[in-house]
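K.L.:
Starting from the known structure of chain A, arrange chain B on it as the hints suggest.
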Amino acid sequence: MLKTLSHLAAAIALSAAVAAQEKKAVTTADFAGTWNIEVMSHQIALVIEPQDGNKVTATMMAMGRDTLLKGELVDRTLTLVGVKEADAATHAPATHDPAGHDAAGHDAASQQAAAHAAEPGAGHEAHEAPGPKPITATLQDDGTLVGEMMTNAGPAKWTGEKLKKRKG
Amino acid sequence: MFLTQKHLSRRTVLKGMGATVALPFLDAMIPARAAFGAPAATTSMPPRLVCIEMVHGAAGSSPYGLTQHLWSPEAVGRDFDLTPTSLTSLEPFRDYLTIVSNTDVPSADPTEAREIGGDHYRSSAAYLTQSYPKRTDGADVEAGISLDQLYAQRFGQDTPLPSMQLCIESVDQAGGCGYGYSCVYTDAISWASPTRPLPMIRDPRVVFDQMYGVFGLGATPEQREQRRAEDRSILDFVQRSARRIALSLGASDRLRLTDYLDSVREIERRIQAVEARNGSGEPRELPGAPDGIPDSFAEHVKLMFDLQLLAFRSDITRVFSFKMGRDTSNRVYPDSGSTGAFHIVSHHGEKPERVREFARINAYHVSQLTYLLKMLKETPDANGGPMLDNTLVLYGSPMGNPNQHNHKRVPFLIAGRAGPITGGVHLKAANGTPLSNVMLSLLHALGIDDLQSFGDSEGAFSWA
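Chains as they are written, first to last, in the working numbering: chain A, 16 to 183; chain B, 4 to 467.
Just chain A, with the same shape it has in the complex (with noise of 0.2 Å):
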């Protein structure tokens, strides 16, 4: 009876190190895709395209304006910075908005956040990157992804999900 009690407690230390192990294997492939960022009250698109290894470039799209972004995945977390080149020219512009969307509906404090959410290391001038703090973004048990940027509201926390395909 001990023995089989004995068994069974090794095979139920050895179940929970595989399940360890299994949620450690996180892949930038599980990153994979668009994700709707929720920050502040805004919405933000980001999209992440692993690369090899653990490497990914990503694109942060804010109110018509698109940041590119590039990263590693270390553990559960990508930690991405803004990338440094002649990227400007493929910035989108940013989208009209007569309705005043921003302006009218968000206090100054997260209009400026959105405007600079999408800028790593806010503070300094726009697409100029890699800026002091990267973005971070961990990938939860249920799928979905928790992270941190800075604004000019001071850094915030973010929450993700990975967007849905429509139906039919």
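Among the clues, some could well be false.
Partner residues are not named here, just some residues of chain A that face chain B (Cβ under 7 Å, in silico) [claimed, not checked]: (1) Thr49; (2) Asn51; (3) Glu53; (4) Ser56; (5) Gln58; (6) Ala60; (7) Val62; (8) Met76; (9) Arg181.
No lab work stands behind these hints: they were computed from the structure.
Glycine included, every Cβ here is placed at the ideal spot set by N, Cα and C.
P.N.:
Structure of chain B alone, referenced to chain A:
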């Protein structure tokens, strides 16, 4: 019931120079056979439908608001308590209320990277269509046919106007409104086809003229303008016709006709008063708005509800859509108890005190409904019962928690009765139920029972 020798057609109108005034339902319009004991169904009419959209979701859709039941009541079923919710003003009508909670509008969700963040600019198009609005700021707009139009196309052909579309906030912005979406998606909630959004009318004068001055005899714009300049009533033009018809009516019908014409005149007077006030040169709260549009939100809504009731009484149309707000509007509603701007307050940051402030605005908007519901309850229908017994008033928003711009657990309620929808109940949908399921079953209840699907519906919704 007083039966006269003369039978009047339901389509009898009072005619005058450039004016056509439809009549309310009169005993004289009941066919003799029906009056002498034929089944009530002989004189029954398809239910009337009012589809109201309010933008920016509800405080009760936020995580905090859900725990505090700031939109829908905690109890499911018939023993619900409206006290903590934004619906408290509807307590006198609880027997007519069907509150449907916990549904989503996934057709308003983004499906591509470029659509993320553009929720304000596509939500309204998804509300009554429950269809995904194609992202474009060109003329190639596309969503789906809306609930009101499906109904109007099936049952609206018997009335002079199959449907009418009204709104409160400024519309008609051309081009793109944001995130690559045409302003049409923000401005219109009624879609006659997936590619044909219908314009909304904001000016009560235009609604009035469409109801009484335009159709039928084809009054020209010049005639209407002249009539306005003369500051005369539309009734002045149909006086002779009214007197002639009154002679053939019984006493109760004459009273009904007089009461109805008094209502027409009263509303016309209010429209004229607004125009006079706004045309006086005094500073306005809504600078740039046409003279016919009241500065006061409540006054404007009331006037629009009065016009809807008049249209129902005279059977000019049985279908209205009514857009009470516009996405990203920063209108202030001082009577709500909040002095904050609508859109800004809706971004409550999940802070309890700010969520509650937003709930006060929600409650204020809902309280506007009581005026219409009271009138519908007090106005007798053709069968003598309350008009509200054969009318459905839908009120809701395609957005859930505005702080996240999501479309989950959206606010939605139905007031009135039609078919299996009898009121007095709070129904909580299973998690993930699309609102389109509810709208599909609504259309079944309205008589379109052969409809298999609506928008992105996955099945019917049970009213039990």
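K.L.:
If any of the earlier hints don't hold here, list their numbers in rising order.
P.N.:
Structure breaks no hint.
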